[in-house]
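**Student:** Taken in sequence, the protein lines are chains E and Y. Residues 0 to 268 (numbering that gives the first Met the number 0) are what the first sequence spells out, left to right. Residues 0 to 56 (numbering that gives the first Met the number 0) are what the second sequence spells out, left to right.
Worth flagging that the hints you see were computed from the coordinates, not collected in a lab. Incorrect hints may have been included.
[What the hints assert, rightly or not] Some chain E residues close to chain Y (C-beta under 10 Å, calculated; not the full set): (1) I5; (2) V18; (3) Y44; (4) D163; (5) M182; (6) G188.
[Unchecked claim] The calculated EDC-like cross-link candidates involving lysine to aspartate or glutamate, where the alpha carbons are at most 16 Å apart (straight line), are: (7) E:K193 - E:E205; (8) E:K116 - E:D163; (9) E:K24 - E:D2; (10) Y:K19 - E:D10; (11) E:K57 - E:E245; (12) Y:K19 - E:E77.
Please read these numbers as outputs of a predicted model, since none were measured by experiment. Each residue gets a CB set at the ideal place from its N, CA and C atoms; glycine is no exception.
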Amino acid sequence: MQDQVINQLIDEGVDGIAVAVTQSKYLVENSLKRAKEAGIPIVTYDSDFDASINGDPKNFRLAYIGTDNFELGKSLGEELKKLRPNGGMLIMQSGRPDSPNLNLRLMGVRSALSGKKYDIPPGKLLNNEQGWTEVREPLFNFDQLSQAVKQMESVMKGKPVKADSFIAVGGWAQNDAALYRDMIAPFQGKINDKEVVIIMTDTSPEQLTMLKDNLAHINVGQNPYEMGRQAILTLYKIVTKQKYQEIIYTPVTFCSPQNFNTCEKRAGM
Amino acid sequence: MLIIALGLLPISSVYGKELKLALVPKFYSVFLIKAKMAVSMQRLKSKGLNVYIEDLK
């Protein structure tokens, strides 16, 4: 789909393209190759090229605008430490094991909790490091929202493996608000008593409403507003031959039931 | 998951040169909506630029 859209843009004589990459290899071998040959500048935002392109992303785009995924992961871990300062038993949820940006987030969480540095994402499973243990490998939902909700339900039930902390490095389970609410309702007591601490990624309006309703403890948000703004501004600078930054990391926001209605505003939303 | 089209952004500068810049999103999500809002807001911030959003069908 993205390939078709980019081909269409090239045919229409577009002056620059900002793309949130999905299928890196396919795009660089098809429409983006065509764009490069046509001299159309490309920037990536939100999602950069992954390792499948077998080369430096700089060969295919002039700039990247988005979240610093390692720092986002660290932020998730630091927020958990505030709520559970003596450590605990953690289960993490991710999208795909071959997703570079999500693996950086997992590594960020592990670094924050263990205090260690890892050479290669996603780092190593925590095993009683500074009081933190991951009771199993991360749950991968492969971007299936219903699967994400089922996985979280198993964590809340404590079956088959018991944990007292849950971090999702994406928003999957909360992206279908009705499904999430139905799943989480029986566990409201566990949330209130912090029997299981829930830390989620992203801060859509629906997620913030659920936060207000105490259906999670913390949501760490990305900043799509700034990504979109900076992506177009960067493209504009490139095509008008002005100086531009090759990498722009957009800030994250920290939302809780106490500040759900103001947390996004601080980041300029 | 539904993949959506994109915002195509023709920009006319005060010099009369029209630039077409495209924002190709990943999936239909709040990300797109906010990114579009951001671009729309850019119009208010960029003096001398006329920015508007047009969805490709």
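**Student:** Hints first: check each against the structure and report whether it holds.
**Tutor:** We went through each hint and held it up to the structure:
no., hint, result
1, I5, "holds (6 Å)"
2, V18, "holds (4 Å)"
3, Y44, "holds (8 Å)"
4, D163, "violated (30 Å)"
5, M182, "violated (19 Å)"
6, G188, "violated (30 Å)"
7, E:K193 - E:E205, "violated (22 Å)"
8, E:K116 - E:D163, "violated (24 Å)"
9, E:K24 - E:D2, "holds (11 Å)"
10, Y:K19 - E:D10, "holds (12 Å)"
11, E:K57 - E:E245, "holds (9 Å)"
12, Y:K19 - E:E77, "violated (42 Å)"
Consistency with the previously given hints fails for numbers 4, 5, 6, 7, 8 and 12, ordered from lowest to highest.
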